[in-house]
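Asks: Here is what each chain is made of, one letter per residue.
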Amino acid sequence: GQQVMQIPQYQHVQEGEDFTTYCNSSTTLSNIQWYKQRPGGHPVFLIQLVKSGEVKKQKRLTFQFGEAKKNSSLHITATQTTDVGTYFCAGLSNYGQNFVFGPGTRLSVLP
Amino acid sequence: KAGVTQTPRYLIKTRGQQVTLSCSPISGHRSVSWYQQTPGQGLQFLFEYFSETQRNKGNFPGRFSGRQFSNSRSEMNVSTLELGDSALYLCASSLRGPSSYNSPLHFGNGTRLTVT
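Same order as they appear, the protein sequences are chains A and B. Offset between the first sequence (1-based) and our numbering: plus 214. Offset between the second sequence (1-based) and our numbering: plus 6.
Some hints could be false.
To be verified - Keeping only pairs whose Cα atoms sit at most 25 Å apart, straight-line, the calculated BS3-like set for lysine-lysine is:
| hint | chain 1 | residue 1 | chain 2 | residue 2 |
| --- | --- | --- | --- | --- |
| 1 | A | 270 | A | 284 |
| 2 | B | 63 | A | 284 |
| 3 | A | 265 | A | 284 |
| 4 | B | 19 | A | 250 |
| 5 | A | 270 | A | 250 |
| 6 | A | 284 | A | 271 |
Hints were generated in silico from the structure; no laboratory data involved.
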């Protein structure tokens, strides 16, 4: 079945440094979504990417969808302590009906 | 607009017992999905209900079941609890339609189930 991997599993950064998490699917995706889960909280939807090569920005966050629609990345510029949490990608395959979540990347930001 | 509401927030059960978790979706959302979250396995899809019908199911044993009512509220039941069922159970509602699947998921705060 479809598998979604994310790297790194953990990332510790100093406040102000950049951060990137990568998401890779074993199958071609029709679209991909990103979620953020704060410690003790629940996943919150950030964005959805649909088109090959698509790039979307939300303030300091930049999301990319690969040309082959099998990978994606989330880049945070100049991290802040409010960025702490686990970032999940979730991919919907071309034949699938439910999103498959990656294992997440846990981000720690040291002040 | 009220968010997704899950009850109870915490549950402690003993092996062999059964448990029922409840989820009230955002008003207007007809799709309700359930996920199991554990530190080792991440977010695992259990099942999705749409208009009172289960239309997707993950790889979980038959001890895990669910249902959806006409007002879109959903319940999840786990019978014959095992220690490994200890997890955070998340419910998510969405505007996913009868043949569209790409709407965002809106998660509730979850039910933390501990099996002893």
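Asks: Quick one: which hint numbers does this structure break? Sort them smallest to largest.
Replies: 4
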